[in-house]
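Below, each chain spelled out in residue letters.
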Amino acid sequence: MAAIRTNGLTKRYGAICALDALDVEVREGEIFGFLGPNGAGKSTAIRLLLGYIHPTAGRADVLGCDIVTESVAIRRRIGYLPGGIALYDTLTGLEQLDFLARLNGRAPVRRGELCEQLELSTKTLNRMVRDYSRGMRQKIGIVQALQHDPELAVLDEPGEGLDPLMQRAFYGILERLKRQGRTVFFSSHVLSEVERVCDRVAIIRSGRLVMVEEIAKLRSRRRRNVAMQVEGGLPTLQGVAGVSDVEIRGQRVTCSVDGDIGPFLSAIGSTRVTDLTIEVPRLEEAFLDFYGERSS
Amino acid sequence: MNAALFRHAWRLQRVKLALVSAGLFAWGLFPPLIYAKFGKQFEAMLESGIFPQQFARLGSGDIFSLTGSVALGLIHPIALILTSVFAVGFPVSAIAGERQQGTLEVVLARPIGRRSLYFTLLGSALLFIGIAQAALLAGCSAGAAFAGVFSQLPLTYMPLLWMNAVLLFGAVAGVGLAASASFDRFAPALGWTLGIEVGMYLLEVLGSLWPDAAFLQKYSLFHYLRAKATLAGSPTLSDLLVLASAIALAIAWSMVVFPRRDLAAPI
Numbered sequence: 002m003a004a005i006r007t008n009g010l011t012k013r014y015g016a017i018c019a020l021d022a023l024d025v026e027v028r029e030g031e032i033f034g035f036l037g038p039n040g041a042g043k044s045t046a047i048r049l050l051l052g053y054i055h056p057t058a059g060r061a062d063v064l065g066c067d068i069v070t071e072s073v074a075i076r077r078r079i080g081y082l083p084g085g086i087a088l089y090d091t092l093t094g095l096e097q098l099d100f101l102a103r104l105n106g107r108a109p110v111r112r113g114e115l116c117e118q119l120e121l122s123t124k125t126l127n128r129m130v131r132d133y134s135r136g137m138r139q140k141i142g143i144v145q146a147l148q149h150d151p152e153l154a155v156l157d158e159p160g161e162g163l164d165p166l167m168q169r170a171f172y173g174i175l176e177r178l179k180r181q182g183r184t185v186f187f188s189s190h191v192l193s194e195v196e197r198v199c200d201r202v203a204i205i206r207s208g209r210l211v212m213v214e215e216i217a218k219l220r221s222r223r224r225r226n227v228a229m230q231v232e233g234g235l236p237t238l239q240g241v242a243g244v245s246d247v248e249i250r251g252q253r254v255t256c257s258v259d260g261d262i263g264p265f266l267s268a269i270g271s272t273r274v275t276d277l278t279i280e281v282p283r284l285e286e287a288f289l290d291f292y293g294e295r296s297s
Numbered sequence: 099m100n101a102a103l104f105r106h107a108w109r110l111q112r113v114k115l116a117l118v119s120a121g122l123f124a125w126g127l128f129p130p131l132i133y134a135k136f137g138k139q140f141e142a143m144l145e146s147g148i149f150p151q152q153f154a155r156l157g158s159g160d161i162f163s164l165t166g167s168v169a170l171g172l173i174h175p176i177a178l179i180l181t182s183v184f185a186v187g188f189p190v191s192a193i194a195g196e197r198q199q200g201t202l203e204v205v206l207a208r209p210i211g212r213r214s215l216y217f218t219l220l221g222s223a224l225l226f227i228g229i230a231q232a233a234l235l236a237g238c239s240a241g242a243a244f245a246g247v248f249s250q251l252p253l254t255y256m257p258l259l260w261m262n263a264v265l266l267f268g269a270v271a272g273v274g275l276a277a278s279a280s281f282d283r284f285a286p287a288l289g290w291t292l293g294i295e296v297g298m299y300l301l302e303v304l305g306s307l308w309p310d311a312a313f314l315q316k317y318s319l320f321h322y323l324r325a326k327a328t329l330a331g332s333p334t335l336s337d338l339l340v341l342a343s344a345i346a347l348a349i350a351w352s353m354v355v356f357p358r359r360d361l362a363a364p365i
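Protein chains in written order, with my numbering: chain A, 2 to 297; chain B, 99 to 365.
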């Protein structure tokens, strides 16, 4: 059964189409990435699924419940982390978590392990939220979304504000959730984050779904920017599968590599490389690649 | 009503409620004391014709009788401002304020319907107003006791007066919640609610000071707080019905608007 299924889900604000006929299916037990630049429609889709806003057209089911008529039932079974979560400044972290758990009506069975993994000590939890840094607020946000062990977690930009160590801890939490059969719907504009934790990814732009892809396939399609410093003879890269935009300036060679990197590595196998940088493309570049393909 | 949300509202407001109630109690001490101390002198001054009699009245209140002084205490700007902390401030911040802050989004991610949220907030506002008005009336009673005129206070009608005052400020809170449910930001919700409250107050005051403007009073909710008449033993059921109708109208508006509203991401 699909954890989330949308059929032609559309949201218009007057002449502006924030989400245009979204058709997407999130399978139970997978970590599904929802990727797009700011303003692409990710948050609009999430807000539709949670009943904050109402669809102009189309329909959607979450955990088998209709988003319009069964919104409360949906929210009973999910956990949600809003982007840039706001908390009550006059409560302590613990009071905040207790209040939100009471509103859920479910015991916070996962709170202990989550706080341990995110290094939220009792001392920290007993401090007022107004004294928290952005990262600590985000940690509280993650705990409140997952503490009651929801069947489906909807996380909007969850990595924001977390330092690299905490991001790693958070990825560990997601992996554990996946092992336990929970479903995670994960919105982000950071490609590397989505790549790292998700099974599949949907890419959205200007309110329209551009593609839904397995992460492995997405990775194989990505273009890498390569720069290398060589000594002696220059490698012959012209005509090598996947290699393009070759530029040679003295002993410095730059090029782009699409798809399988094997042919490129074979081509430089006999070259003495003194420095090599393979740059993961920025999200914008990846998007431009996809969009370029689509429009052509 | 949602018990967890109600407890949360109580927790966040209890210190404020204690301070406002203490302030209203303290304010409530004065009108009976002023009546006992200066009532006769003021009455003599008015009867001498130095200034028009209307100038000594505010709404249905005056300082020539204990019931009039209690009525004056209820409708005086000091009482109005203090009670407005819960009749205006709380309802306006409860939806529009939390929406602007982003905390409403976190609450509504829980299994709480918007109607349930609304009625919990309305119930909380009525409770806070009820406690605040009880403190004011308790202050008036204590003031009457200090002034030695407690025996003149018609205690039998005090609960009815309390209900009248709660309905009045409940109607203001209903307007506040309706505005709060209709706007995404705190400022316009506050502006509308304060505008309506102050406008109605001015209509009542203007009508009571200027006989030619007396016809305006019936358009003011404050006109239907007839404290003196209630304490004098002649309460009017229609006044209570008008105020209850205003609350019902505000609820109806909110029930139409709030559940259907799109709550886009906080700005």
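Don't read these hints as lab results, they were simulated from the structure.
The structure presented is a predicted model; accordingly, all values stated were derived computationally and were not measured.
Think of the CB as a built atom: it goes at the ideal place given N, C-alpha and C, for glycine as much as any other residue.
Fair warning: there could be bad hints in the mix.
Claimed, not checked - DEER-style ranges, computed between Cβ atoms:
hint	chain 1	residue 1	chain 2	residue 2	range
1	A	M2	B	L335	24 to 30 Å
2	A	G106	B	G246	32 to 38 Å
3	B	L117	A	G106	54 to 60 Å
4	A	Y14	B	S332	53 to 59 Å
5	A	G106	B	T334	55 to 61 Å
Claimed, not checked - Reference listing, derived: stretches of chain B covered by chain A, where coverage requires no fewer than 3 residues with Cβ under 8 Å from a Cβ of chain A:
hint	segment
6	103-111
7	191-204
8	208-222
9	353-364
Structure-based check of each hint:
1. A/M2 with B/L335: 24 to 30 Å: Violated, since A/M2 and B/L335 (Cβ atoms, about 58 Å apart) do not stay within the stated range.
2. A/G106 with B/G246: 32 to 38 Å: 55 Å, violated
3. B/L117 with A/G106: 54 to 60 Å: Because 33 Å falls outside the window, the suggested range is violated.
4. A/Y14 with B/S332: 53 to 59 Å: 55 Å, holds
5. A/G106 with B/T334: 55 to 61 Å: 45 Å, violated
6. 103-111: Holds, because 4 residues of the segment 103-111 of chain B bring their Cβ atoms closer than 8 Å to Cβ atoms of chain A.
7. 191-204: Our answer is that it holds, as 5 residues pass the Cβ test (under 8 Å) against chain A, meeting three.
8. 208-222: holds (count 4)
9. 353-364: Coverage by chain A holds for the segment 353-364 of chain B (6 residues, Cβ < 8 Å).
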